[in-house]
Structures are given as C-alpha cells and as structure tokens.
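The whole structure should be built from the sequences, with the hints applied where relevant.
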Amino acid sequence: MLFLLALACAPTTQTDEILALDGDSEAGATAFADNCAGCHAEDGSGGSGPALVGEADEGEAFVDIVLEGKADMPSFADVLSNQDIADVLAFVQSL
Numbered sequence: 138m139l140f141l142l143a144l145a146c147a148p149t150t151q152t153d154e155i156l157a158l159d160g161d162s163e164a165g166a167t168a169f170a171d172n173c174a175g176c177h178a179e180d181g182s183g184g185s186g187p188a189l190v191g192e193a194d195e196g197e198a199f200v201d202i203v204l205e206g207k208a209d210m211p212s213f214a215d216v217l218s219n220q221d222i223a224d225v226l227a228f229v230q231s232l
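When the letters of the sequence shown are read in order and numbered with the numbering used here, they come out as residues 138 to 232.
Read the hints as simulated data drawn from the structure, not as lab findings. Hints should not be assumed to be uniformly reliable.
The calculated label-pair distances, taken between Cβ atoms and stated as ranges, are [unchecked claim]:
1. THR149 <-> SER185: 29 to 39 Å
2. SER212 <-> ALA170: 17 to 27 Å
3. ALA157 <-> SER231: 30 to 40 Å
4. ALA157 <-> SER185: 13 to 23 Å
5. THR149 <-> ASP180: 13 to 23 Å
6. THR149 <-> SER182: 29 to 39 Å
7. GLU179 <-> THR149: 15 to 25 Å
8. ASP159 <-> SER185: 30 to 40 Å
Cβ atoms here follow ideal geometry from the backbone N, Cα and C, with glycine treated the same way.
Below, the structure written as structure tokens:
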C-alpha cells in the first residue's frame, strides 16, 4: 500500500507535463516558424541545425532536447511555454 501511495505522489517532470498536453500542429507551425525554422528550415529539412523530419516520433527525447538544448542548440525552456513545446512537437510529428 505504501508503494502505491509513493507512486501516486511521485513528482511529475516538465517533460511528462508537456507530453500530457494535446498539441495543436497549426499553433506549432507558428511557434516553429518563429523559433526553430532559422536553423531547421521551415519544413524541418535542416540547415545549420539537423533535419527534424522523422526525429520527433520519440516525443520524450525531442521535448528533452527543446528543454535542455543540445550541442549548438540552446535551451528553449525559458522561451517557450509547455503548451508551445507540445504544439511544436505536434507540428514536427506532422511533417
């Protein structure tokens, strides 16, 4: 019983919170154009940043990179809201 109580009280990560949201790909297209397309191209095909087409199938890894940054990509944790990130994920998954 104590184990179940501990699981029910386990902290939720920001990534979990984002993945629990319903992303809107149309809103995500706008957020992507404003924040991501400069490096990843409007269609996600890549540029100075890598291509994203097919890379967001694993949503958790994608969200973690957006939140924490990777290599030359900065963190967007203080730039995009959780809903913005869920929307961008939905958009990239639609490419």
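Here's how the hints hold up against the structure:
| no. | hint | verdict |
| --- | --- | --- |
| 1 | THR149 <-> SER185: 29 to 39 Å | 34 Å, holds |
| 2 | SER212 <-> ALA170: 17 to 27 Å | 19 Å, holds |
| 3 | ALA157 <-> SER231: 30 to 40 Å | 19 Å, violated |
| 4 | ALA157 <-> SER185: 13 to 23 Å | 32 Å, violated |
| 5 | THR149 <-> ASP180: 13 to 23 Å | 33 Å, violated |
| 6 | THR149 <-> SER182: 29 to 39 Å | 34 Å, holds |
| 7 | GLU179 <-> THR149: 15 to 25 Å | 33 Å, violated |
| 8 | ASP159 <-> SER185: 30 to 40 Å | 31 Å, holds |
Consistency note: the structure conflicts with the earlier hints numbered 3, 4, 5 and 7.
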